[in-house]
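Asker: Sequence:
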Amino acid sequence: MTDGFGMPIQAEGVPRKLADPFDIGGGHIDPDRAADPGLVYDIDPSEYTKFFTCTLRPRDDCQSFMGKLYQLNLPSISIPDLKNSVTVSRTVTNVGPAEATYRVTVEAPAGVDVSVEPEELAFTMYSSKNATFKVTFTARQMVQGVYTFGSLAWSDHGEEHLVRIPIAVRTVAEEFVADVS
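Just so you know, we're using the working numbering here: the sequence shown kicks off at 1 and counts up by one.
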């Protein structure tokens with residue numbers, strides 16, 4: 001990542017390091033595009049409630065839920081422990097034109113293969129406004145404890161709407177109790 005002068009951006013802190021997506025903000029706000037996003041990632045508020053409840057006071061029914069955190073319908077994907085392969089799903093809601101087709105573009109994190117099914121989402125006046133897609137991450141290269149970054153973007157054919165979400169993947173060759181990176 002570089003600044004406006006083409007120089008590498010440094011993260012704050014000691015020791016200094018090159019900034020990664022965890023260190024950088026979400027970007028500039030474009031009010032016109034925000035008012036007409038095309039697609040949105042909706043999440044049921046009860047999922048957030050359960051997430052926060054289980055985080056603060058784990059109960060018996062939290063065990064299965066906490067194992068599915070990948071599946072929260074967030075506008076980002078983070079896989080902190082990729083050993084072999086993980087599949088997550090996301091659902092988008094079309095809030096743009098009733099007749100729209102979106103095609104996916106993936107910038108895969110280094111050392112990870114990423115596939116998306118389906119690669120195209122088609123909305124019609126008579127179809128559902130929701131579409132679910134699956135993203136499969138497969139480790140190609142095992143580098144212990146290092147996050148790599150990428151993105152997934154849906155764009156309509158006129159390129160009027162571009163809906164991009166970040167991806168962060170940390171491959172794990174072996175689990176260590178003290179591995180906190």
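Derived from the structure by calculation, the hints contain no laboratory data. Built from N, CA and C at the ideal position, the CB exists for glycine as well. Hints are not guaranteed to be accurate.
Claimed, not checked - Computed list of lysine to aspartate or glutamate pairs in DMTMM-like fashion (alpha-carbon distance at most 25 angstroms, straight line):
1) 129 <-> 81
2) 129 <-> 113
3) 17 <-> 32
4) 17 <-> 47
5) 129 <-> 32
6) 134 <-> 44
7) 17 <-> 36
As the list claims (entries may be wrong) - Between beta-carbon pairs, the in silico distance windows are:
8) 87 <-> 60: 34 to 42 angstroms
9) 71 <-> 162: 22 to 30 angstroms
10) 173 <-> 98: 19 to 27 angstroms
11) 146 <-> 12: 18 to 26 angstroms
12) 60 <-> 126: 40 to 48 angstroms
13) 95 <-> 17: 32 to 40 angstroms
14) 40 <-> 125: 31 to 39 angstroms
15) 129 <-> 46: 32 to 40 angstroms
Asker: Decide, hint by hint, whether the structure agrees.
Answerer: Against the structure, the hints:
With a C-alpha separation of about 33 angstroms, the suggested pair residue 129 and residue 81 falls outside the 25 angstroms cut-off, and the hint is violated. With a C-alpha separation of about 29 angstroms, the suggested pair residue 129 and residue 113 falls outside the 25 angstroms cut-off, and the hint is violated. Of the supplied pair hints, the one linking residue 17 and residue 32 is violated, its CA atoms being roughly 35 angstroms apart against a limit of 25 angstroms. Distance restraint check for residue 17 and residue 47: the Cα-Cα separation of roughly 36 angstroms exceeds the 25 angstroms cut-off, and the hinted pair is therefore not satisfied.
For the hint pairing residue 129 with residue 32, the CA-to-CA distance comes to about 22 angstroms; that is within 25 angstroms, so the pair holds. About 19 angstroms separates the Cα atoms of residue 134 and residue 44, which keeps this hinted pair within 25 angstroms; it holds. At roughly 37 angstroms between alpha-carbon atoms, residue 17 and residue 36 are farther apart than 25 angstroms, so this suggested pair is violated. Against the hinted window of 34 to 42 angstroms, the Cβ-Cβ separation of residue 87 and residue 60 comes to about 27 angstroms, which falls outside the hint.
The hint said 22 to 30 angstroms for the Cβ distance between residue 71 and residue 162, and at roughly 24 angstroms that hint holds. Take residue 173 and residue 98: their Cβ atoms lie about 48 angstroms apart, and the range 19 to 27 angstroms is violated. The hinted range of 18 to 26 angstroms is satisfied by residue 146 and residue 12, whose Cβ atoms lie roughly 20 angstroms apart. Taking the beta carbon of each, residue 60 and residue 126 are about 44 angstroms apart, inside 40 to 48 angstroms as hinted.
Between residue 95 and residue 17 the beta carbons are some 39 angstroms apart, a value that agrees with the proposed interval 32 to 40 angstroms. The hint said 31 to 39 angstroms for the Cβ distance between residue 40 and residue 125, and at roughly 19 angstroms that hint is violated. For the pair residue 129 and residue 46, the supplied restraint of 32 to 40 angstroms is violated, since their beta-carbon distance comes to about 20 angstroms.
Checked against the numbered hints given earlier, this structure breaks hints 1, 2, 3, 4, 7, 8, 10, 14, 15; the rest are met.
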